[in-house]
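S.K.: This is what each chain is made of:
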Amino acid sequence: MERHTIAVLVNDVPGVLTRVANLFGQRGFNIDSITVGASEEAGLSRMIITTGGDERQLDQLIKQLNKLIDVISVTHLSKDPMVSRELALIKVDATPSQLVELNGIVEPFRASIVDIGPNSLIVQVTGDSDKIDALLVLLQPYGIRELTRTGCIAMARSIVPAAAAV
Amino acid sequence: MSVEAAALTNRISGADIGMGEVLTGAETLLRCLILEQVEYVFGYPGGAVLPIYDSLYSSRLKHILTRHEQGAIHAADGYARATGKPGVVIATSGPGATNLVTGIATAQMDSIPLVCITGNVAQHLIGSDAFQEANITGITLPITKHNYMVRDIRDLPRIVKEAFYIATTGRPGPVLIDIPKDVSNAKAPFYYPEKVEIRGYVPTRVPSDEDIEKFLQVIQAAKKPVILAGGGVIAANADSELLAFAEKTRIPVINTFMGLGGFPGDHELALNMPGMHGSYAANQALLNADCVIGMGARFDDRITMGRTKEFAPHAKIVHIDIDPAELGKNVATMLPIAGDVKSTLRKVLPLAQACDTAEWLAQLKAWQEAYPYRYKKVEGELKPQEVIEMLYETTQGDAIITTDVGQHQMWVAQYYKFKRTRSLISSGGLGTMGFGFPAAIGAQLAHPGRTVIAVVGDGGFQMTNQELAILHQYNVPVKVVILNNKCLGMVRQWQELFYDNRYSQVDLSNSPDFVKLAEAYGVKGMRATTPAEAREVWKEALAYDGPVVIDFQVTEEENVYPMVAAGNTLDQMVMGDE
Ligand SMILES: Cc1ncc(C[n+]2csc(CCOP(=O)(O)OP(=O)(O)O)c2C)c(N)n1
Numbered sequence: 000m001e002r003h004t005i006a007v008l009v010n011d012v013p014g015v016l017t018r019v020a021n022l023f024g025q026r027g028f029n030i031d032s033i034t035v036g037a038s039e040e041a042g043l044s045r046m047i048i049t050t051g052g053d054e055r056q057l058d059q060l061i062k063q064l065n066k067l068i069d070v071i072s073v074t075h076l077s078k079d080p081m082v083s084r085e086l087a088l089i090k091v092d093a094t095p096s097q098l099v100e101l102n103g104i105v106e107p108f109r110a111s112i113v114d115i116g117p118n119s120l121i122v123q124v125t126g127d128s129d130k131i132d133a134l135l136v137l138l139q140p141y142g143i144r145e146l147t148r149t150g151c152i153a154m155a156r157s158i159v160p161a162a163a164a165v
Numbered sequence: 000m001s002v003e004a005a006a007l008t009n010r011i012s013g014a015d016i017g018m019g020e021v022l023t024g025a026e027t028l029l030r031c032l033i034l035e036q037v038e039y040v041f042g043y044p045g046g047a048v049l050p051i052y053d054s055l056y057s058s059r060l061k062h063i064l065t066r067h068e069q070g071a072i073h074a075a076d077g078y079a080r081a082t083g084k085p086g087v088v089i090a091t092s093g094p095g096a097t098n099l100v101t102g103i104a105t106a107q108m109d110s111i112p113l114v115c116i117t118g119n120v121a122q123h124l125i126g127s128d129a130f131q132e133a134n135i136t137g138i139t140l141p142i143t144k145h146n147y148m149v150r151d152i153r154d155l156p157r158i159v160k161e162a163f164y165i166a167t168t169g170r171p172g173p174v175l176i177d178i179p180k181d182v183s184n185a186k187a188p189f190y191y192p193e194k195v196e197i198r199g200y201v202p203t204r205v206p207s208d209e210d211i212e213k214f215l216q217v218i219q220a221a222k223k224p225v226i227l228a229g230g231g232v233i234a235a236n237a238d239s240e241l242l243a244f245a246e247k248t249r250i251p252v253i254n255t256f257m258g259l260g261g262f263p264g265d266h267e268l269a270l271n272m273p274g275m276h277g278s279y280a281a282n283q284a285l286l287n288a289d290c291v292i293g294m295g296a297r298f299d300d301r302i303t304m305g306r307t308k309e310f311a312p313h314a315k316i317v318h319i320d321i322d323p324a325e326l327g328k329n330v331a332t333m334l335p336i337a338g339d340v341k342s343t344l345r346k347v348l349p350l351a352q353a354c355d356t357a358e359w360l361a362q363l364k365a366w367q368e369a370y371p372y373r374y375k376k377v378e379g380e381l382k383p384q385e386v387i388e389m390l391y392e393t394t395q396g397d398a399i400i401t402t403d404v405g406q407h408q409m410w411v412a413q414y415y416k417f418k419r420t421r422s423l424i425s426s427g428g429l430g431t432m433g434f435g436f437p438a439a440i441g442a443q444l445a446h447p448g449r450t451v452i453a454v455v456g457d458g459g460f461q462m463t464n465q466e467l468a469i470l471h472q473y474n475v476p477v478k479v480v481i482l483n484n485k486c487l488g489m490v491r492q493w494q495e496l497f498y499d500n501r502y503s504q505v506d507l508s509n510s511p512d513f514v515k516l517a518e519a520y521g522v523k524g525m526r527a528t529t530p531a532e533a534r535e536v537w538k539e540a541l542a543y544d545g546p547v548v549i550d551f552q553v554t555e556e557e558n559v560y561p562m563v564a565a566g567n568t569l570d571q572m573v574m575g576d577e
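Chains as they are written, first to last, in numbering that gives the first Met the number 0: chain A, 0 to 165; chain B, 0 to 577.
Hints are computed from structural coordinates only; laboratory data are not their basis. The beta-carbon is built from N, C-alpha and C at its ideal position, and this holds for glycine as well. Do not take every clue at face value.
[Stated by the list, open to error] Short derived list, chain A residues pointing at chain B, Cβ under 10 Å:
# : residue
1 : V9
2 : N65
3 : I71
The shape of chain A in the complex, shown without the other chains:
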């Protein structure tokens, strides 16, 4: 199943998240992640939704979202080059003596250790999903006590190579 990232610009009114989430449930679409926050315009929010499905399902999903009165626009971001980011906090079983070793792992990922306790420390990492997954694999052997990830936020790249622009 293909993964897609779509941006949904919505009126910032009560219940709008429920409307969007409900549509996924009602129509049998899956939500992998959803993030909502302010947009560049007062009164409008932007939702970034990652979902799976073939082209027909995606087409139908976009059309159904467009039918919602509070939806202003729907953009299929992942069809063109885009920048996407996720944030994760990872609590790893480790003592301060392992700090140097762990720093060696997280640094190439431009992640950082943001809290240190007697038996655990917290790694903060941002990047696309794959990068975070890769770091998790490396941290796994130490023991991951707690993990929290945001959904992804994304934006189309400003310069789209001619060939990629369809």
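The hints should help you fit chain B with the ligand onto chain A, whose structure is shown.
M.R.: For chain B with the ligand alone, coordinates are given in the frame of chain A:
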């Protein structure tokens, strides 16, 4: 008169609608309804809508007090289907609001414009599980085109204006407005907006010249084209355009169940209904067509049988629909056209030419003649199909017929040839039992001069028969035709065919005496058990100036044929008894 004109007249005349006048939320609501040219409101009072009912007391709006909120909303729906104007219903909070749910879902599935107004508890109580509190906007989220909760009286006029606009434009549908009691009681100067602007809502779509060009090419190349005309033809008031288009191009027309009446059923190009209980000719047309033109039809699974890949296997499919999400939703289309049927046909009509369909039409005619709808007559026994044929003969396809859901509904579709648009009123998408009778009340109020017949089963009628009170109270001359087979007929049919005659919970032989029931409500009741009696009684009922309930006691174990069993394809039709 347009809404703007009405507003203007009222402002100029300084009559009872003044702009800037300080009004309560309840008064504001009712003035908005008058400005929207609402004629009838169907509803039921209660604590949370008391301010509204108090204002109704001195309003010029006509309110119909039904005996159940479900009756109110189906009546509003019947009014909307019969007129194309939005139906309006008012219910109180909590149980009043939840009693609307079936009716809202019914309207949503068939794209019927409704504005539903519900009361709610005062805002400071919302979320506290207060007495008669229900989160009706949450409950109706998936079954409304849109819904609102009014949090400030100053938003109320805009919201009502938007609600009517949303309900009636684009693909129509139900819109709900929930008004907390403190908003109904609050006061503010009244201003009604002149225009509606909803960003991101694009209700009107006219196809591009390029689409029209492609469309013409496809039909000109076709040898065996067929139009599949759905409810969208009726919603768009495109019946005369469809007639002109079909006659000019000589393309035959299949009407879906929701589309019946959108094209005259007795026309030489008419093929009746396709699908599960459709005609042999209509199903053969789909199986053999090289081009299917869907117009405001959504390729529902009662037509495709869910086997969308095997549906119309040789055809290029053109699909015209106001709702872009319908294009490609159920079947893969060769040419999707986003546009309402009326404006599309208006663009196409001057350019269209006659297609070379003589041979195809001859083939279809042969199928129609070889396999008409038929049933076995038995001496002295009253067959349900015979009753419908009688209704057709005596009204010449001119009556408004509402139905409930079940076998009688399918017999109406088969044996009554609807000639006029908006003359079949039935719950197609949701298949709501209990719909037909209250919907007839709404249709009759909308058209006091026309014959309105509610054809109902003995099962469905008992879901909303308390609305008999309305017939008497407001003297609404609906003719209620009960096809009484003493059972839940359609369920019994499935149990006979697919569950080895194990008739589980379908016996209705203990129903009340419907004649006495009618009389108890002050309505004339009649009964017929033989074909001869049926003719006599029906003649009297038609001539009678007022409401009548007729208990037609029909053959109990009669099945609807032809039939394509769910999961089969259209070529696996069972032709039935004869
Ligand atoms: C509210 C509701 N409940 C259940 C059904 C399922 N159902 C479909 S047809 C039918 C039987 C209808 O019997 P009746 O009203 O007597 O009509 P008939 O089929 O005998 O003409 C039932 C129970 C339904 N459509 N709607």
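S.K.: Next step is simple, just say for each hint if it's right about the structure.
M.R.: Here is how each hint holds up against the structure:
Restraint check, V9 (chain A) versus chain B: the minimum CB separation of about 9 Å is within 10 Å; hint holds. The beta carbon of N65 (chain A) comes within 7 Å of a beta carbon in chain B, closer than 10 Å, and the hint placing it at the interface holds. A cut of 10 Å between beta carbons decides the hint on I71 (chain A): the least distance to chain B is about 4 Å, and the hint holds.
The structure shown violates none of the earlier numbered hints.
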